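Novice: Residue numbers (the working numbering), protein chains in the order written: chain A, 5 to 120; chain B, 334 to 449.
For the record, the hints were derived by calculation from the structure and aren't laboratory data. Where hints are given, some of them may not hold.
Simulated crosslink set (DSS-like; lysine-lysine; CA at most 30 Å straight-line) [as the list claims (entries may be wrong)]:
# : chain 1 : residue 1 : chain 2 : residue 2
1 : A       : LYS45     : B       : LYS448
2 : A       : LYS68     : A       : LYS45
3 : A       : LYS59     : B       : LYS411
4 : B       : LYS403    : A       : LYS45
5 : A       : LYS45     : B       : LYS406
Ranges of calculated distance between the beta carbons of each label pair, as one might list FRET restraints [stated by the list, open to error]:
#  : chain 1 : residue 1 : chain 2 : residue 2 : range
6  : A       : LYS70     : B       : GLN416    : 34 to 44 Å
7  : B       : GLU350    : A       : LYS70     : 40 to 50 Å
8  : A       : VAL7      : B       : PRO374    : 13 to 23 Å
9  : A       : THR21     : B       : TYR387    : 42 to 52 Å
10 : B       : SER375    : A       : THR84     : 23 to 33 Å
Treat the numbers as computed from the prediction; the structure is a model and nothing was measured. Backbone N, C-alpha and C define an ideal beta-carbon position, used for all residues, glycine too.
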Amino acid sequence: GAVVSQHPSWVICKSGTSVKIECRSLDFQATTMFWYRQFPKQSLMLMATSNEGSKATYEQGVEKDKFLINHASLTLSTLTVTSAHPEDSSFYICSAGRDRGEQPQHFGDGTRLSIL
Amino acid sequence: AQTVTQSQPEMSVQEAETVTLSCTYDTSESDYYLFWYKQPPSRQMILVIRQEAYKQQNATENRFSVNFQKAAKSFSLKISDSQLGDAAMYFCAYRTVMEYGNKLVFGAGTILRVKS
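Bound conformation, chain B alone:
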């Protein structure tokens, strides 16, 4: 079974600075998707960025980018120019392919605090 590990329970960053959240995963599949989700205090799940395993190029969405290392099974999220609104719990997730639908496997999450 696939597993996702986020080794940083909490992280802090100064406003306007850059922070990197770590994520590693374990799988025997060659094709899959990886995601980062943000969950603010409202508890709404917001998709931040996604990465297809067959693509070598790292995904980027404005201030958010990933460092995808397939061989190392690592998928870190970099947040540049951090803003107060970035404060939230961040989940790394792996999509496994099922017979019906595609379920997500989530990591334990990292709480990100942004200091003004």
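So here's chain A without its partners, still in its complex pose:
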């Protein structure tokens, strides 16, 4: 079946640094990728939708300059948390879909981000 790889699985860094998280579709071309944020024992909150070759669409309340999303190829999307602070600590999950019409049921394993 389709596999989505997310890296790194866990990262700890100092406040003020930038962190990049990668989401790769390993055996299919993903025209659409989604980035979610999840706090402990809470639901997944959609942050943004990215489409290959175009700008990401951010959900209301998500800072575009804080969470930079790049989807430059059909197999890779990246989320960069810029100038990270402790309040950005969270669990981030990506998902990928094959085309614009398909529900992206393929989730990455998530990235646990801890900002000290």
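Use these hints to put chain B onto chain A, whose structure you have.
Specialist: Coordinates of chain B only, in the frame set by chain A:
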């Protein structure tokens, strides 16, 4: 905007027994998809079952089945012969159709505990 409500923050079931998780949603669309996802402690998102709104027949996947009531906008999940491995957080999700891709709207989740 579509909303998904899971009114049971936590549920418990004895091993080998049956449990039903509730989910209601609100939408003005006539065609959509509904999903149940399982998130074990590993935090990997696992698709349990999906239902197309235009299909009257309830979806079934082995021990998992749904009771889809379109008029009532209800989509409950029944787990039969519960196993210890079923312990997880369960999310009900609605797929809305966007111009680009199809994003998911998640409920708040239900923590399922299985007692041996």
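Novice: Does each hint hold? Answer for all of them.
Specialist: Results for each hint:
1. Simply put, LYS45/A and LYS448/B have alpha-carbon atoms about 20 Å apart, close enough for the 30 Å limit, and the pair holds.
2. The straight-line distance between the Cα atoms of LYS68/A and LYS45/A is roughly 26 Å, inside the 30 Å bound, and the hint therefore holds.
3. Our distance criterion of 30 Å between C-alpha atoms is broken by LYS59/A and LYS411/B, whose separation comes to about 40 Å.
4. This hinted pair checks out: LYS403/B and LYS45/A have alpha carbons roughly 29 Å apart, not beyond 30 Å.
5. Taken as a hint, the LYS45/A and LYS406/B pair is honoured in the structure, with Cα atoms around 25 Å apart against an allowance of 30 Å.
6. Take LYS70/A and GLN416/B: their Cβ atoms lie about 42 Å apart, and the range 34 to 44 Å holds.
7. Separation of GLU350/B from LYS70/A is about 46 Å and conforms to the stated range, judged on CB atoms against 40 to 50 Å.
8. Restraint check, VAL7/A to PRO374/B: a C-beta distance of roughly 21 Å satisfies the suggested window 13 to 23 Å.
9. Separation of THR21/A from TYR387/B is about 49 Å and conforms to the stated range, judged on CB atoms against 42 to 52 Å.
10. Distance hint check: the CB atoms of SER375/B and THR84/A are about 25 Å apart, consistent with the given range 23 to 33 Å.
The structure shown violates just one earlier hint, number 3.
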